[in-house]
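Listed below, chain by chain, are the residues.
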Amino acid sequence: MKDIIKIAWRNLWRNRRRTIITASSIFFAIFFAIVMRSFQIGTYKHMVKISIESYLGYLQIQNPDYFDDPSIDNVFEFTLEMLEEITKTVNVKVAVPRIESFALASTGMLSKGVMLTGISPEKEKEMSNPEQKLVHYAVTDKAIEHLQQKIKPDVIELLKIHNNTSFSSAEKLATALDFQTEDSLILQTVLAQTHVASGYLSENDEGVLISDRLSKYLKVSVGDSIILIGQGYQGSSAAGIYPVRGIVKLPSPELDNKLVYMTLGNINTFLGLSEQVTSIAINIENTDEMYKTETVLKQTFENTKTCVKNWEELSPALKQQIESDSVSGILFLVILYVIIFFGIFGTLLMMISERMREFGIMVAIGMKKFKLVLIVVMEMLFLSLIGIFAGMAASVPVILYGYYFPVKLTGEIKDMMIELGMDPVFPFAWFGDYFYIQGVIVFIMILVACIYPVRTILKLNAIEAIRGK
Amino acid sequence: MNVIEVENLVKAYTDLALEVVAVDHVNLTVKKGEFTAIVGPSGSGKTTLLNMIGGLDKPTSGTIRVNNKDITQLNSKELINFRLHNIGFIFQSYNLIPVLTAKENVSFIMEMQGENRKTVDERVSEILTAVGLGDRMNSRPNQLSGGQQQRVAVARAMASRPQFIIADEPTANLDSKTTEKLLDLMEELNEKENITFLFSTHDQRVVNKARRIVVLEDGKVVEDNENIKQ
Ligand SMILES: Nc1ncnc2c1ncn2[C@@H]1O[C@H](COP(=O)(O)OP(=O)(O)OP(=O)(O)O)[C@@H](O)[C@H]1O
Ligand SMILES: [Mg+2]
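If you read the sequences in order, they're chains A and E. Just so we're aligned, residue 68 is where the first sequence starts under the numbering used here, counting upward by one. Just so we're aligned, residue 76 is where the second sequence starts under the numbering used here, counting upward by one.
For the record, the hints were derived by calculation from the structure and aren't laboratory data. Even glycine gets a Cβ: it sits at the ideal position worked out from N, Cα and C. Please note: incorrect hints may appear among the correct ones.
Looking from chain A toward chain E, a few residues come up when the C-beta cut is under 8 Å (computed) [stated by the list, open to error]:
(1) ILE74
(2) ARG77
(3) ASN78
(4) ARG81
(5) ARG83
(6) GLY175
(7) LEU177
(8) PRO220
(9) GLU421
(10) ILE428
(11) MET429
(12) VAL430
(13) MET434
(14) LYS435
(15) MET445
(16) ILE533
List of simulated lysine to any residue pairs, SDA-like, C-alpha gap at most 20 Å [to be verified]:
(17) A:LYS526 / E:LYS152
(18) A:LYS73 / E:ASN213
(19) A:LYS435 / E:HIS160
(20) A:LYS73 / E:PRO216
(21) A:LYS436 / E:GLU262
(22) A:LYS436 / E:LEU149
(23) E:LYS152 / A:PHE437
(24) A:LYS73 / E:ARG215
(25) A:LYS435 / E:ASN161
(26) E:LYS152 / A:LEU441
(27) A:LYS438 / E:LEU159
(28) A:LYS73 / E:LEU149
(29) A:LYS69 / E:LEU149
(30) A:LYS438 / E:ASN156
(31) E:LYS106 / E:TYR88
(32) A:LYS73 / E:LYS152
(33) A:LYS436 / E:TYR169
(34) A:LYS69 / E:ASN213
(35) A:LYS526 / E:LEU149
(36) A:LYS69 / E:ARG215
(37) A:LYS438 / E:LYS152
(38) A:LYS436 / E:ASN156
Generate the whole structure from the sequences, applying the supplied hints.
See the structure below:
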């Protein structure tokens with residue numbers, strides 16, 4: 068066996084250049100496949116995180132009719148026992164009751180269709196956490212104008228770059244403007260001028276929180292009021308005037324364009340409901356066990372007038388977007404691997420035809436064909452393992468970097484993506500199945516490619532091989 | 076004692092409906108320790124005959140007995156094993172495993188034959204020294220001349236003292252001086268170790284060295300003489 072390994076290893080370096088080229092092609096395929104999949108999977112996870120985990124919930128309890136007809140008439144009776152029952156379920160992280168409805172928001176001059184979301188302010192902190200997303204500083208035309216006389220032009224230039232951007236904390240603003248500690252006086256001036264007095268909703272608040280982009284569209288800020296007009300429960304009409312308590316910047320651009328938060332009590336009054344909700348949104352600990360948890364919840368609520376839906380049903384567009392993107396990525400990899408396969412196969416063909424005479428002699432002097440097969444297969448394994456491990460090793464720093472420092476688009480592409488309702492941030496995925504599977508695929512490919520030399524050797528006729536036939 | 080007994084050996088090829096009888100009812104016995112040359116014009120059937128005796132090819136009819144064992148009855152797996160343990164081969168060229176050194180080429184086959192480490196080590200240096208390559212044991216084939224490579228092949232064939240050695244034109248790729256040296260070496264080892272040699276050749280000088288000459292023509296043995304010139 069030691070001899071076999073020795074021969075296989077030395078054979079590998081007989082044609083040094085060919086070996087290096089073949090191993091390099093495996094290296095690049097593995098490296099590219101891993102980096103690409105990490106980028107894709109990371110992006111999907113991010114997409115799911117910003118729209119599912121931080122708003123929709125992985126699972127929702129709804130009135131069975133609500134899905135097809137999301138009207139306020141399709142609500143269900145909400146009780147605290149229900150909430151307890153859900154929270155008790157294995158893998159459930161948090162569950163929050165909500166009422167969602169559409170309404171027209173107006174400031175008199177401007178109006179826009181909005182999504183009203185009634186929440187329990189305390190509970191919602193564990194779900195979409197609007198409090199953390201409150202805008203405390205916003206760079207606006209007005210703020211820049213005021214600052215123009217007071218501070219250095221280079222800071223003004225920076226502010227202009229960040230015009231119309233909102234920040235949830237002073238640190239974020241300072242980082243964005245590249246402030247050093249010695250600039251603290253200027254920073255204080257800027258903070259004072261850009262400050263937004265956002266507050267969170269109290270449990271029985273009469274006011275609302277509105278999303279950042281919506282606030283810009285409607286040109287309202289904290290302290291202003293908006294008029295909401297909609298349809299209430301069972302055809303009643305709903306209207307009211309609500310003070311804006313705070314501005315929230317939502318990570319999902321789509322939601323950021325249209326969301327209005329109010330308390331459950333407030334929206335109950337607005338819509339003429341009593342202790343009813345449209346959904347209970349649920350987040351889970353382990354997303355891989357979502358279907359299992361869904362089944363458990365379905366059993367729990369079997370005989371009630373509710374149903375359980377997962378995010379893939381609730382947001383089929385996102386699911387489809389991820390799937391079609393993933394399929395095109397995988398298709399690309401398949402093409403890449405097919406090319407690599409033929410590269411490896413070509414190497415094998417040349418290797419075998421070059422060595423036929425040698426094989427013939429070895430068999431003639433009494434070498435078992437099985438050993439010959441072992442030499443060739445081992446040689447290919449060495450070759451592929453070099454490429455696979457080198458490719459994996461090279462991808463590690465790229466993944467780590469992309470995980471900790473996600474790709475952030477800037478400029479027009481960024482605006483375009485936001486326009487399309489997507490977040491222009493692309494983090495890489497942490498190491499997972501996708502990382503190992505590429506090596507396994509190449510490994511299997513090598514084994515498949517080895518069928519040819521194995522057959523050739525097993526069928527080999529020593530005399531013909533020696534004669535060079 | 077007869078090492079090889081060939082009886083009524085026939086090998087016929089049918090090529091495009093044309094039948095070629097490459098070996099035609101050959102009878103031949105080789106005794107232990109003989110140094111025999113098979114000669115004859117090109118196409119007379121030398122290679123075909125040697126291949127069958129060496130268990131590389133199957134006859135159309137007839138029997139080949141090696142030490143009274145009929146090898147025509149063996150299947151191809153048994154034949155590989157039989158060759159490994161009973162026959163040494165020297166081919167015209169490409170004899171050696173290119174990635175192994177001279178020493179490793181010899182020890183590799185001895186280890187396959189199941190010899191123990193100590194025996195292998197001793198025998199390898201003994202035989203390589205005997206073929207005059209004591210100082211080139213760690214050279215790879217591509218670092219050796221054609222004649223030196225053939226000498227390694229002789230050493231490998233003889234290493235574990237097979238029943239007989241088959242050499243099909245072992246000197247065809249060598250110049251006359253190297254040919255002479257190789258033959259002297261083979262003859263010397265044949266005498267010293269009492270190993271049976273059966274080789275084919277075109278070369279008159281090689282013929283002169285042989286102690287027995289079997290002449291083939293059109294697949295038939297037409298002459299079988301002790302070499303009187305010697
Ligand atoms: N595989 C084969 N198929 C058909 N005919 C063959 C085959 N091998 C050998 N022959 C024929 O058998 C005859 C004997 O060939 P062989 O190679 O044994 O001759 P040889 O004496 O070794 O010749 P040379 O001195 O040229 O090596 C030739 O006529 C050859 O054409
Ligand atoms: Mg011949």
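Item to complete: For the pair we were handed, LYS435 of chain A and ASN161 of chain E, check the Cα-Cα distance against 20 Å.
Response: holds, 15 Å
Worksheet entry | Given hint TYR88 of chain E paired with LYS106 of chain E - CA-CA distance at most 20 Å | violated, 29 Å
Worksheet item: Taking only the CA atoms, is the gap from LYS526 of chain A to LEU149 of chain E under or equal to 20 Å?
Response: Distance ~17 Å between LYS526 of chain A and LEU149 of chain E Cα, so the pair holds.
Discussion item. Would the hint linking LYS69 of chain A and ASN213 of chain E be met if the CA-CA limit is 20 Å?
Written reply: It holds: about 18 Å lies between the C-alpha atoms, which stays within 20 Å.
Discussion item. Holds or violated: the hint that ILE428 of chain A contacts chain E, with Cβ atoms closer than 8 Å.
Written reply: Because about 6 Å separates ILE428 of chain A from the closest Cβ in chain E, which is inside the 8 Å limit, the hint holds.
Discussion item. Would the hint on ILE74 of chain A be counted as holding, given a Cβ-Cβ threshold of 8 Å to chain E?
Written reply: holds, 6 Å
Worksheet item: CA of LYS436 of chain A to CA of LEU149 of chain E, is that 20 Å or under?
Response: holds, 16 Å
Item to complete: Closer than 8 Å between Cβ atoms is the bar; does GLY175 of chain A clear it against chain E? Give me holds or violated.
Response: violated, 89 Å
Discussion item. Please verify whether LYS73 of chain A and LYS152 of chain E have alpha carbons no more than 20 Å apart.
Written reply: Status violated; Cα separation ~25 Å.
Worksheet item: Does ASN213 of chain E lie within 20 Å of LYS73 of chain A when you go C-alpha to C-alpha?
Response: holds, 15 Å
Discussion item. Min Cβ distance, MET429 of chain A to chain E: is it shorter than 8 Å?
Written reply: Interface hint status for MET429 of chain A: holds (7 Å vs cutoff 8 Å).
Discussion item. Under 8 Å is the threshold here; is the Cβ of ARG77 of chain A close enough to any Cβ of chain E for the hint to stand?
Written reply: holds, 4 Å
Consistency with the previously given hints fails for numbers 5, 6, 7, 8, 9, 15, 21, 28, 29, 31 and 32, ordered from lowest to highest.
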